[in-house]
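There are 2 protein chains.
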Amino acid sequence: MPAAVDIFDTTLRDGSQQEGLSLSVDDKLRVAEQLDHLGVAYIEGGWPGANPKDEEFFARAPGELKLETATLVAFGSTRRAGVEAKDDEVMRQLLKAGTEVVCLVAKASEVHVLDALRTSLDEALAMAYDSVAYLRSHGLRVFFDAEHFFDGYRANRDFSLKVLAEAERAGAETLVLCDTNGGTLPHEAERIVAEVARSFDCQTGVHFHNDSGCAVANSIAAVRAGATHVQGCVNGYGERTGNADLSAAIPNLALKLDVRTIPPERLERLTAVSHHIAELVNVAPNPQQPYVGSAAFAHKAGLHTSAIARRRDAYEHVPPDAVGNGTRFVVSELSGRSTLAFKAEELGLELGAEALGQVLDELKDLEHRGYHFEVADGSLELLLRRAAGWKHSFFEAESYRVISDHNARAVTEATVKVWVGDERLLSTAEGNGPVNALDSALRQAIGSRYPELTGIHLTDYRVRVLNSDRGTGAVTRVLIDSTDGERTWTTIGVSENIIDASWKALSDSIVYGLLHARMASRSTSGATLPARPERGAAPPGAERAPAAEAPIPNGIPEGAPDGNPNG
Amino acid sequence: MPAAVDIFDTTLRDGSQQEGLSLSVDDKLRVAEQLDHLGVAYIEGGWPGANPKDEEFFARAPGELKLETATLVAFGSTRRAGVEAKDDEVMRQLLKAGTEVVCLVAKASEVHVLDALRTSLDEALAMAYDSVAYLRSHGLRVFFDAEHFFDGYRANRDFSLKVLAEAERAGAETLVLCDTNGGTLPHEAERIVAEVARSFDCQTGVHFHNDSGCAVANSIAAVRAGATHVQGCVNGYGERTGNADLSAAIPNLALKLDVRTIPPERLERLTAVSHHIAELVNVAPNPQQPYVGSAAFAHKAGLHTSAIARRRDAYEHVPPDAVGNGTRFVVSELSGRSTLAFKAEELGLELGAEALGQVLDELKDLEHRGYHFEVADGSLELLLRRAAGWKHSFFEAESYRVISDHNARAVTEATVKVWVGDERLLSTAEGNGPVNALDSALRQAIGSRYPELTGIHLTDYRVRVLNSDRGTGAVTRVLIDSTDGERTWTTIGVSENIIDASWKALSDSIVYGLLHARMASRSTSGATLPARPERGAAPPGAERAPAAEAPIPNGIPEGAPDGNPNG
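Here the protein sequences come in this chain order: A and B.
Under numbering that gives the first Met the number 0, read the first sequence as residues 0 to 566, first letter to last.
Under numbering that gives the first Met the number 0, read the second sequence as residues 0 to 566, first letter to last.
Please keep in mind that the hints were generated in silico from the structure rather than gathered at the bench.
These figures come from a predicted structure and were not determined experimentally.
Glycine included, every Cβ here is placed at the ideal spot set by N, Cα and C.
Some hints here could point you the wrong way.
As the list claims (entries may be wrong) - Facing chain B, according to a computed beta carbon distance under 8 Å, are these residues of chain A, among others:
{"#": "1", "residue": "Asp114"}
{"#": "2", "residue": "Gly241"}
{"#": "3", "residue": "Asn406"}
{"#": "4", "residue": "Asp499"}
Said to hold, decoys possible - Listed next, the stretches of chain A that the computed footprint assigns to chain B, with coverage defined by at least 3 CB atoms under 8 Å from CB atoms of chain B:
{"#": "5", "region": "207-221"}
{"#": "6", "region": "262-268"}
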């Protein structure tokens, strides 16, 4: 087993082939920054000349990217059949890209040479040799991507190995064995990689796709067989079923096989980088993703929750902090009392057995109606606080109305009528949509009473239709993410009417934000100042006292939650 | 390598621990039907007595489930410490469940016995022996789930093997080695399973979780080492990162290792069953899922698309029909002309080089503004038809308006003003939300002109906010799924205003439905009848001729799409 491997990320090239994934040049630059922050050895930036975006990326990278750990790599194919390398457009573009390293792809499978390239095996060997030699003669380091290697090896082992031999003879630094169709299983990967690693002096690399669901396992098997260069994508992006997920391959190698991958002290950046990249590429993160998923260390069953309360490592294969993730307890009807008690304890709430039973019943009833507190921490907290006797009195809605008129010009306006204490406030605002208009009208109505609102923003808005066989007649669930610049929270609203559901999530969001602004201002060195908004200037009236007091329960109960004797 | 393995699905028990997954008893019965239709050997139905749902499931199953291939299994834990088996509540519930087979879980790890059970190792061994023996004495077949076996084996091999020995001695039929924390890697799985398979006469089974991203690979490795019973979930549901995904494990074993799993002729049901179960458990299917995902055989890159047009198996690790999936070509700015030409050809449209260039430009522009045609086949088809010279004249919108008033009672109404030919139609309808109201008002306005509308229904409505850092001020993308009872289609609308975006997707949906109803009625044996609605009675006026004609291009171009020379 090697002591260290080079991690090669291809999110910007192969990863961006994923259905639904489209990156601007700015996105690509920001993804590259994240990968460098994580500490991968190589970042494949794209295929210069294949499209204007990739060309622009390589033009801007030297000026705009300050890479500390990673080396940028340009990707391209070998010269075309029957064309001299020096006259080949791809070769020209690869030189123009100006990277120190090039990843050069060549067909390493007889059938693909004959049927896809439609040239002879000898010409394919010459294309490999010539292209590597040409790039080497211009001083470039060459990684040689042997496309379809595993399938080719199984069909005509001799030819596939000859392709590698030509690349090595021409000066390639690394022979990367690609499982382009993703059909290889780990025991085959291990056997074939071992033979290549034994037979060549070059570094052996691997590039797996996940079509058999084994891309991570194949990468591990390959390293055990002698590969020291592992290609893949953070989050496993890629065409079809994706590339090998580096977010799993890296910690498997580092934490379980003691193989050096990224700088060890940066492993704890893994979860944050994974989520940040998911945001940049605008693909919803998979909560079930190994190591970095939001559910990767989330415990739901009552049995596990009570056991884990006694011994944290009992149900976790690695310490979640090692990869920057954390243990999380999930509340749902299945989890029962102990999880709910645990959650209340986290919030510092004192809930007796009776209150706990009542809130469990309420939770079950709401979840039955389409609520889903697992994903709405903000609304769950408000529910638990209410169960502990708290009632917010920030504002009370009398009515609200939305009018959206789409004529020559579209105009959407919302009117809200609310009470703050015994004062009735009425406000109308326009917005670019009903939620935006409602949000603006509500803030306009109560903003002068709650200056801290200027520091609270909605950041995302998600809608899901439940019982979807009834189409637009079904129940709508709205989730709103909000932030005060420091913390983020999610609130939920469910209704047959999307506007009603949005209003519920919106009110919860604002109540949660106001509550925590109060709590924060109370905890600052005994001062009784109103909370200072994170962003933006305080509106007129910022110094006025709030109209209503919201008492905040803070007691911390003693004792462990109850557990299942077979936990 | 064994010739056959028993497939054991635990979606209804371990799978339902997944965050966000909640099943009613009806759901559970329908999932079980699907699993039986697929042909798994065993279906774990739940833990009788652990919650009222599971109790009801086992009570209703004998009368309501007609299983052909599968045997139903009840799950439970061994007797509690210090309690006789005959007096133990779990034992009582297991007998009451009335299944022929029971899956009995016991701790097979020293640390879990001492720290979680808080009893002695000897008592843990006795609990395993007594519980198996008790259930055997009542004539039940017992599968013995050795919880935390792999971790336990690594820490105290002797104790973990002793637990298995007690279970075997008491008459267990199968020793199931559980990787409860999911941290095991394939080479360890293979080594440990091989030792157990060698040392015991019982059947060896395995149960892997996916915390290292290797659950499928571990299952394969275990079978290669002699396991003949594989537990997991169709679609890999489960707590944290999920259980082993049987949708990948089954075809890997059947198609690649020639191991019999489900009845071979049923393998082609895999994709349909996977999607059906995803719908029943109300978890959005993962498009990237190996074998059964909608993207598993989707080709996006222009390079691949042109190559695959020449030789279908060049980029597919197995024939997609073997698992009931299919090859799909995806249209996006990256895929270029050849994919678009291919798609047009599928639709029977004749698009010249110039028209193709124009539609590619339009597509890029729209995708830049947030459209996403990969997921909206209906809107894409309309775009391509327009590029081929078609223009629909079913109706033209003058304006529309939504008023949603939330007072003591919530009322949402929509008014649409549309032209059909030179007739101006105005209609107002109420709905339980803005989209429902708009849909009703539009149908009411034009319904008498288009009786086939009664057969067209919206089935799902999805909303995503793009550039979400701007919250409700961002661009909203609405997707609407529709059906006419035979085909389904997805349409898209993008706008800053969710109501505007919904209207766009809604109009496209109706135009697509009307167009295909016309096409279908034309192709029925020369008749000129109006399309017959699939459901519901035709409204008054059904026999009237449509006000506007929609010419449908039908030419099929010759020749293959252009390709990349390095394809």
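So, going through the hints one by one against the coordinates:
no., hint, result
1, Asp114, "5 Å, holds"
2, Gly241, "5 Å, holds"
3, Asn406, "4 Å, holds"
4, Asp499, "6 Å, holds"
5, 207-221, "holds (count 10)"
6, 262-268, "violated (count 0)"
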